[in-house]
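Q: Here the structure of chain Z is known, so what remains is to put chain U in place on it, guided by the hints.
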Amino acid sequence: NAGVTQTPKFQVLKTGQSMTLQCAQDMNHNSMYWYRQDPGMGLRLIYYSASEGTTDKGEVPNGYNVSRLNKREFSLRLESAAPSQTSVYFCASSSWTGQNQPQHFGDGTRLSIL
Amino acid sequence: ILNVEQSPQSLHVQEGDSTNFTCSFPSSNFYALHWYRWETAKSPEALFVMTLNGDEKKKGRISATLNTKEGYSYLYIKGSQPEDSATYLCASNTGTASKLTFGTGTRLQVTL
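The listed protein sequences correspond, in order, to chains Z and U. Each residue of the first sequence is one higher than the last, beginning at 5 in my numbering. Each residue of the second sequence is one higher than the last, beginning at 21 in my numbering.
One or more of the hints may lead you astray.
Computed Cβ-Cβ distance ranges for the label pairs, DEER-style [what the hints assert, rightly or not]: (1) Y94/U x Q26/Z: 34 to 44 Å; (2) P12/Z x E25/U: 29 to 39 Å; (3) P43/Z x L72/U: 26 to 36 Å; (4) S116/Z x N23/U: 22 to 32 Å; (5) S38/U x Q26/Z: 17 to 27 Å; (6) A6/Z x E59/U: 16 to 26 Å; (7) M45/Z x A61/U: 15 to 25 Å; (8) M31/Z x A61/U: 16 to 26 Å; (9) W100/Z x N23/U: 23 to 33 Å; (10) N104/Z x G80/U: 19 to 29 Å; (11) K98/U x G20/Z: 51 to 61 Å; (12) P43/Z x E65/U: 34 to 44 Å; (13) K75/Z x T131/U: 40 to 50 Å; (14) G20/Z x G99/U: 12 to 22 Å.
Since the hints were made in silico from the structure, they are not lab data. Cβ atoms here follow ideal geometry from the backbone N, Cα and C, with glycine treated the same way.
Excised from the complex, chain Z in its bound form:
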C-alpha cells in the first residue's frame, strides 16, 4: 500500500521557470493538502482540497496554483518560480476535513530555486 506518493523527490529550478509537483493517494481519501516546510517554521498550508472538485487557499497561497485532477491526484504548480519558494513541499491526505481525521503525508519534494 503506497499511501501518498509525491513526484519528483528533488528538483532544481532557475528563477522564472515553471514546475508542477504531483501528488497521488491510494487510500480513497476525500481531502488533500499541500504544505511547505521551511527551517524554523512549522508546516504551513498552501492550498487544500476538501473534496474532488473543490480547492481553497491556505495560509501561504501566493505564487502557487493547484488542481484536483480527480479523487486520487492533487497537483501544485509554480508558474514563475522565485528563490523564496525554495522549500520542502509535502502533500497530505485525510479521509475528510473533519476535525478528528489524521492526515497522511507523502515523503516530500525538495525544491531549490536558483
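A: Below, chain U without anything else, positioned relative to chain Z:
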C-alpha cells in the same frame, strides 16, 4: 493566524528516561489537537487526534493529554528508547475544522 507553540524546541535524554513536552494553542473555537511523529528522512506520521477536554490517549509507551479550557496538550514518553528519536509535531484546527496549524516541533534525541 493562530499560534501553536511547542516547548522545548529540542530535548536530549538518555535511554530509559521518561520525558514530556508541551503544545499550547488558542482555546477558543477549538476543534481538535493532532500529534505527529516525524523521523529524519521520513514523512510525518499521525500519533493521536484528540478532541475532548480531559482526553487521554496512549500508544505503547507514548501517551498524550488534552486541556482545551486552558489550551495545552502534553505528550509523554515513558522509558525512552533510541528509536523514539524524532521530531514531535502538534497541530490544531482551532477556528476552522478544515485547516491544521502546526507548531515548529520538539526534536527529541535519545542516546544510549
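Q: Identify every previously stated hint that the structure contradicts and give their numbers, smallest first.
A: Structure breaks hints 5, 12, 14.
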